[in-house]
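Chains as they are written, first to last, in UniProt numbering: chain A, 1 to 292; chain B, 1 to 347.
Treat each hint with caution, since some may be false.
Claimed, not checked - Straight line, CA to CA, 30 Å or less: simulated DSBU-like cross-link-like pairs of lysine-lysine:
#	chain 1	residue 1	chain 2	residue 2
1	B	Lys277	B	Lys217
2	B	Lys107	B	Lys144
3	A	Lys83	B	Lys85
4	B	Lys110	A	Lys190
5	A	Lys190	B	Lys85
6	A	Lys113	A	Lys285
7	B	Lys85	B	Lys110
8	B	Lys85	A	Lys76
9	A	Lys285	A	Lys83
10	A	Lys113	A	Lys76
11	B	Lys217	B	Lys144
12	A	Lys83	B	Lys91
13	A	Lys190	B	Lys144
14	B	Lys91	B	Lys54
15	A	Lys121	A	Lys282
16	A	Lys121	A	Lys209
17	A	Lys285	A	Lys217
18	B	Lys110	B	Lys144
19	B	Lys217	B	Lys241
20	A	Lys282	A	Lys76
21	A	Lys209	A	Lys190
22	A	Lys209	B	Lys241
23	A	Lys190	B	Lys217
24	A	Lys209	A	Lys282
25	B	Lys277	B	Lys144
26	B	Lys277	A	Lys83
27	A	Lys83	B	Lys144
28	A	Lys76	B	Lys54
29	B	Lys144	A	Lys209
30	A	Lys121	B	Lys241
31	A	Lys190	B	Lys277
32	B	Lys107	B	Lys91
33	B	Lys144	A	Lys217
34	A	Lys113	A	Lys282
Said to hold, decoys possible - Coverage of chain B stretches by chain A, computed from C-beta distances (three or more under 8 Å per stretch; other residues unrestricted):
#	segment
35	14 to 20
36	110 to 120
37	147 to 158
38	177 to 187
FYI, nobody ran anything at the bench for these hints, they're computed from the structure. For every residue, glycine included, the Cβ atom is placed at its ideal position computed from N, Cα and C.
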Amino acid sequence: MNAVYWGLTALSIMGHGDALDRDEMVDFVMSCWDEEAGAFSAHPDHDAHLLSTLSAIQILLMQNALDRVDIDRVLKFILSLQKPSGVFAGDAFGETDTRFVYCAVNALSLLGKLHTLDVEKTITYIRHCRNFDGGFGHVAGAESHASQVFVCVAALAILDRLDEVDQPTLCWWLSERQRPNGGLNGRPEKLEDVCYSFWVLSALAILDKLAWIDSSKLEAFILSAQDTESGGIADRPGDMPDVFHTIFGLAGLSLLGYPGLVDLDPVYCMPASIIENLGLRKGWKALQRRTS
Amino acid sequence: MDLPAEEEQPLYSQRPEWADVVPLEQYESVAPLAPIFYTDEYRDATNYFRGIVKSGEMSPRVLELTENIIRQNPGHYSAWQYRYKTLMALKSPLDDELQLMDELAIKHLKTYQVWHHRRLLVQQTRNPGPELEFIANSLQVDTKNYHTWSYRQWILAYFNDDALWSHELDFMESMLESDVRNNSAWHHRFFVVFQSGVRSGDEDRDAVVRRELAFVKERIAIAPNNASAWNYLRGVLDHTKISYCELQAFVLPYSLPQPPLGTPPEVVDLESPLPSKNSQLPCVAAVEFMADIHEAAGGGDLVKATEVGYVLYELGKYLTYRSFGNPWQMSTILYARDTGNTGSRNP
Chain A
1 MNAVYWGLTA
11 LSIMGHGDAL
21 DRDEMVDFVM
31 SCWDEEAGAF
41 SAHPDHDAHL
51 LSTLSAIQIL
61 LMQNALDRVD
71 IDRVLKFILS
81 LQKPSGVFAG
91 DAFGETDTRF
101 VYCAVNALSL
111 LGKLHTLDVE
121 KTITYIRHCR
131 NFDGGFGHVA
141 GAESHASQVF
151 VCVAALAILD
161 RLDEVDQPTL
171 CWWLSERQRP
181 NGGLNGRPEK
191 LEDVCYSFWV
201 LSALAILDKL
211 AWIDSSKLEA
221 FILSAQDTES
231 GGIADRPGDM
241 PDVFHTIFGL
251 AGLSLLGYPG
261 LVDLDPVYCM
271 PASIIENLGL
281 RKGWKALQRR
291 TS
Chain B
1 MDLPAEEEQP
11 LYSQRPEWAD
21 VVPLEQYESV
31 APLAPIFYTD
41 EYRDATNYFR
51 GIVKSGEMSP
61 RVLELTENII
71 RQNPGHYSAW
81 QYRYKTLMAL
91 KSPLDDELQL
101 MDELAIKHLK
111 TYQVWHHRRL
121 LVQQTRNPGP
131 ELEFIANSLQ
141 VDTKNYHTWS
151 YRQWILAYFN
161 DDALWSHELD
171 FMESMLESDV
181 RNNSAWHHRF
191 FVVFQSGVRS
201 GDEDRDAVVR
211 RELAFVKERI
221 AIAPNNASAW
231 NYLRGVLDHT
241 KISYCELQAF
251 VLPYSLPQPP
261 LGTPPEVVDL
271 ESPLPSKNSQ
281 LPCVAAVEFM
291 ADIHEAAGGG
301 DLVKATEVGY
311 VLYELGKYLT
321 YRSFGNPWQM
331 STILYARDTG
341 NTGSRNP
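Could you build the full structure based on these sequences and the hints that come with them?
What follows is the structure, given as structure tokens:
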């Protein structure tokens, strides 16, 4: 389910959102409905999960088919996963992670049901995940990691609570992710990876500090990770491409103003026009789209 | 996807002892959008998994089947879930399961499920002691594994036993001895010292802070170009509300080039260990720290800010603008970077 969302969003950013058959895609999404749980799983006959439920909602929105969803049941599923501390579990298995907090907040927002969330409890948990370096971890006490920074910052953006972010410290930490070759890493002393072009960049865009990284070097890095024979983008130059790194490389390029791409909303990682039409656009800033 | 290492096992569809189970194919109702080319072994095993899930069977052979699937695809979270439920239903010996997990965790260090399953097991066995050793061993394989460090923190916090906490400082020192730039180890240290309550022996918080400042300064002296150590230093100062200005004497030598050969050595100041002889100076992080000190001391000194910005440019590093909140200061620095012209200042 996630891979279908990544593929559809990647195609949409390139202006070819209709390249895959719409009905087949919607049928696939609906075939992943877990009737027992009242939500979506990653694949037919698997158990429902927040990650796949969010992706399903995003896909159906982009395909103009949200009416196929039993929203009340999905709402119940999502809200049932919040723990007393404010964190969300991903499913009945109980694994907790700030990624799931973001999935819940994002999904509720897209469904127009954010008002059903216990916002203070959610924000309290995110606050507990904030570390001494300004970053956020996957649970309270965990090391700051760029992907967790993205989910926490984006969730706070949706909840209009960016005041919870220590912006000077975090933006500096994010800008320090850029390595000499232009690529971004996820935490100090680790290797660069194209997917951080999205996690780091979107957080900076949300906090309006995209100028704090060298955009032309990053752009060159992402482009060099393309496979010019088979297409697609890999995690770093020379490696095999995959859909995951392709969407996040494209998302990064869109935020950097690469010509010919569609505007992307970094909070929701979906085409900006869709989010605007829902009235959900927040105060993020991408770089100006170049014409050539 | 891994195949079992031992001699080839027959498919479940060929095993007479599984003949009573009705295997269920994956795509019964839908034509796949992007079909995955499963191996025969994986398709066979998951067909039988769907079969026993439908019938609700929880038996020893289900444990064998789920282990087979997990070895081929450690991300199959439904198989993990069902395995756990089966273990509980059968009241299986969990220590045996943990031993199996020891092997799988090392093989699949970056899979969420293998760690979550372990948490569930340890919540049942309530025996955290051996876990710390297991974690230390798996960190030998991948010293910065995010899941492993997080699991260590969970063990410590969940059981909150002084005996478990007592070795942490030694553990972190040894990790940093192997790699002083291990960000996970630095983060863990902050967690243990400042974010997990006050344990017996650490009640004198001033002494703790002095110890930590001495520790991080010594590590910076050995290897100044270490972002994690400087972040840690900043973190300690922010947490204890000590002004950055108090560190000026320590930081200053790191923000300058190495003194020329033949310069008589400074008198040793225990509060301010000097950079080791082989360090590459000036150290960028120290220059940035000096900029923060200037800002804290009443900032706005554009000349100093430009000078610092030029030094950063010269070091070939991407400028970080944290200290230069004023956009006019920033544009002056960008101008300097782009034209090599710093106006009336000498570089």
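Original post:
Hint by hint, which ones does this structure get wrong, listed from lowest number up?
Top reply: Violated: hints 5, 9, 26, 35.
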